[in-house]
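Engineer: Please work from the sequences and hints to get the whole structure.
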Amino acid sequence: MTDSPAPDAATDPLAFAPVKTAARHDGWTPARQRDFIAQLARIGVVGAAAKAVGMSAKSAYALRKRAGEGSGFAAAWAGALDIGRARALSLAIDRALNGEATPVFYRGRQIGERRRYDNRLLLAALRAIDPAARTAPADLGGGFGG
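No gaps in the numbering here: position 108 of the sequence shown is 110 in my numbering, and each next residue is one more.
Honestly, the hints are just simulated from the structure, not real lab data. Just so it is clear, the structure is predicted and the values come from calculations on it, not from any experiment. You may find that some hints are simply not true.
Lysine-lysine pairs mimicking DSS-like chemistry, simulated, CA-CA at most 25 Å apart [what the hints assert, rightly or not]:
(1) K53 with K22
(2) K53 with K67
(3) K22 with K60
(4) K67 with K22
Estimated spans, in silico, between C-beta atoms of each pair [claimed, not checked]:
(5) D132 with D14: 27 to 35 Å
(6) I113 with R68: 28 to 36 Å
(7) G72 with L124: 37 to 45 Å
(8) K22 with A50: 48 to 56 Å
(9) G114 with E71: 27 to 35 Å
(10) A80 with R109: 51 to 59 Å
(11) L99 with A50: 22 to 30 Å
Think of the CB as a built atom: it goes at the ideal place given N, C-alpha and C, for glycine as much as any other residue.
Structural biologist: Have a look at this one:
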């Protein structure tokens, strides 16, 4: 990886000034920090994003702690997680509404596909969109006419 210039904060919501670290080829270089934030926005999971750039989740959390909560790195981290969560929610809604295709074979040839819909996934996605839906109303008006 090569060190590339930092993106402009006005055009990129995930732009930040990299955390200054000791110069190590296997450490958190500025390019690796930017790649980590990009992967975090794409994947939405810290451990997977860290692994994607060849680092551990533990070292990523340590870097964020070293940078401080008010740092640009911490803000980019939070923004990337928001983007990743929104992407995951979008994928969950798409899968819940459109189903998941499973091929159907007969005598070794694919003759069609079966769509499987997951209502639990849809309900979970709806709850994520509307946090108020997580709590049941106190009175559902169970009586008739009165």
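Engineer: A separate judgement is required for each hint: does it hold in the structure or not?
Structural biologist: Now the hints, each set against the structure:
A distance of roughly 21 Å separates the Cα atoms of K53 and K22; the hinted pair therefore holds under the 25 Å criterion. Of the pairs offered as hints, the one joining K53 and K67 holds, with about 19 Å between alpha carbons and a cut-off of 25 Å not exceeded. Of the supplied pair hints, the one linking K22 and K60 holds, its CA atoms being roughly 18 Å apart against a limit of 25 Å. This hinted pair checks out: K67 and K22 have alpha carbons roughly 13 Å apart, not beyond 25 Å.
A C-beta distance of roughly 30 Å is found between D132 and D14, which places it inside the suggested range of 27 to 35 Å. Between I113 and R68 the beta carbon distance is about 58 Å. The supplied range of 28 to 36 Å is therefore violated. Hint check: G72 to L124, Cβ distance near 39 Å, so the stated range 37 to 45 Å holds. A C-beta distance of roughly 26 Å is found between K22 and A50, which places it outside the suggested range of 48 to 56 Å.
G114 and E71 have their C-beta atoms about 54 Å apart, which leaves the hinted 27 to 35 Å range violated. Distance hint for A80 and R109: a CB-CB separation of about 54 Å, consistent with the stated range 51 to 59 Å. At about 25 Å, the CB distance of L99 to A50 agrees with the hint of 22 to 30 Å.
Hints 6, 8, 9 from the list above are not met by this structure, while the remaining hints are.
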